[in-house]
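Asks: Between the sequences and the hints, there should be enough to build the whole structure, so can you do that?
Counting along the sequence shown from 1, when you hit position 216 you're at 216 in our numbering, and nothing is skipped either side.
Bear in mind the hints are in silico, worked out from the structure with no lab data behind them. A quick note: this is a predicted structure, and the numbers were derived from the prediction, not measured. Warning: the hint list may mix true and false statements.
Unchecked claim - Ranges between beta-carbon positions, derived for each pair: (1) Pro211 - Glu67: 29 to 37 Å; (2) Pro63 - Pro9: 27 to 35 Å; (3) Arg10 - Val119: 18 to 26 Å; (4) Arg61 - His207: 35 to 43 Å; (5) Val263 - Asp208: 30 to 38 Å; (6) Val263 - Pro68: 38 to 46 Å; (7) Pro63 - Leu160: 35 to 43 Å.
A virtual CB, placed ideally from N, CA and C, is assigned to each residue, including glycine.
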Amino acid sequence: MKPQISLSPRAWAELFLLSLIWGGSFLSIRLALEEVGVFTTVAVRVAGAALVLWGYVLVRRLPLPREPRVWLAFLVLGILNNAIPFSLITWGELRIPSGLASILNAATAIFGVLIASLVFADERLSARKGAGVALGFVGVTTAIGLAELRHFDITSLSQLAVLGASLSYACAGAFARANTRGIKPQVVTAGMLAGSSLVMVPLALWHDGVPALPHAPGVWFGLAYLALAATAGAYLLYYRVIAAAGAGNASLVTLLVAPIAIVLGALVFGEALHPRAYLGFVLLACGLLVIDGRILRRLRLPPKKPRELSGQER
Numbered sequence: 001m002k003p004q005i006s007l008s009p010r011a012w013a014e015l016f017l018l019s020l021i022w023g024g025s026f027l028s029i030r031l032a033l034e035e036v037g038v039f040t041t042v043a044v045r046v047a048g049a050a051l052v053l054w055g056y057v058l059v060r061r062l063p064l065p066r067e068p069r070v071w072l073a074f075l076v077l078g079i080l081n082n083a084i085p086f087s088l089i090t091w092g093e094l095r096i097p098s099g100l101a102s103i104l105n106a107a108t109a110i111f112g113v114l115i116a117s118l119v120f121a122d123e124r125l126s127a128r129k130g131a132g133v134a135l136g137f138v139g140v141t142t143a144i145g146l147a148e149l150r151h152f153d154i155t156s157l158s159q160l161a162v163l164g165a166s167l168s169y170a171c172a173g174a175f176a177r178a179n180t181r182g183i184k185p186q187v188v189t190a191g192m193l194a195g196s197s198l199v200m201v202p203l204a205l206w207h208d209g210v211p212a213l214p215h216a217p218g219v220w221f222g223l224a225y226l227a228l229a230a231t232a233g234a235y236l237l238y239y240r241v242i243a244a245a246g247a248g249n250a251s252l253v254t255l256l257v258a259p260i261a262i263v264l265g266a267l268v269f270g271e272a273l274h275p276r277a278y279l280g281f282v283l284l285a286c287g288l289l290v291i292d293g294r295i296l297r298r299l300r301l302p303p304k305k306p307r308e309l310s311g312q313e314r
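Replies: Set out below in structure tokens:
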């Protein structure tokens, strides 16, 4: 039986850092949409990040793949991991509360673990991992507020759009692990963003027209943050986690993004943090500990019996 991969302490630290970065993206999207259209926001995000990362790749002279199938994989990955989910989430945030969007986006972890268990032999869906994901999802919904779920309407295209984005993210994680092995994460990210830029820039020009320069400084900040931090920097971390811990484990970052977004909203905009958020954080932490499994294994291990001394040792 193939041994199962797990999250190392370093991978957990990178997941938490990634959640901080992506938690701020919800605030940045709100800022950008004040003056910029949905497709233009996504186009600026992916194209700006692509320029930065390709500059890095060229300066470092990182080896580039020569097989056409790899570049085709970059295009597919750019569509699955950028063009589709970025557009759906950005469009959805125009019409539904950010709290509900965060809850629905957290479903990526559920989809990610399920898809990875179907595709990869070393990411089987164990009872412990399934229970941990479920507990973490309960923690996210509790932190945001279960009352938000009352807004869920299966006929709402906006909510279905965010769920569709979650499914697309999960498929992208598994696709990346299966098709980018042996390629440096910086090259994977740059290639992926080039692929999504080829889709989003023409789409934005066709739908939104030539964009005008924003007036509000907050819009500039939102666009810059989305391109440089939430995309260029974040995906470098994301693919490091995929390489080290697997697609299913990497998708668990979405369980952390929503509560981080709540905390950032409280710090940046002075939004009150409801006491239920702390209960949600506790449940979320318990879910992550169950998924990690190390504490549970230590609790199950019997104490070591003292070694009996031999006659000569006495």
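Asks: That 18 to 26 Å hint for Arg10 and Val119 (C-beta), does it hold up?
Replies: holds (24 Å)
Asks: Does the hinted range 27 to 35 Å hold for Pro63 and Pro9 at CB?
Replies: holds (30 Å)
Asks: If I claimed the Cβ atoms of Val263 and Asp208 lie 30 to 38 Å apart, would that claim hold in this structure?
Replies: holds (32 Å)
Asks: Does the beta carbon distance between Arg61 and His207 stay inside 35 to 43 Å, or does it fall outside?
Replies: holds (37 Å)
Asks: Taking the beta carbons of Pro63 and Leu160, is their distance inside 35 to 43 Å?
Replies: The hinted range 35 to 43 Å holds for Pro63 and Leu160, with Cβ atoms some 41 Å apart.
Asks: Given a hint of 38 to 46 Å, does the C-beta separation of Val263 and Pro68 actually sit inside it?
Replies: This hint holds: roughly 45 Å between Cβ atoms.
Asks: Could you say whether the range 29 to 37 Å given as a hint is met by the Cβ separation of Pro211 and Glu67?
Replies: Given a distance of about 36 Å, which is inside 29 to 37 Å, the answer is holds.
Violated hints are absent here; each numbered hint is respected by the structure.
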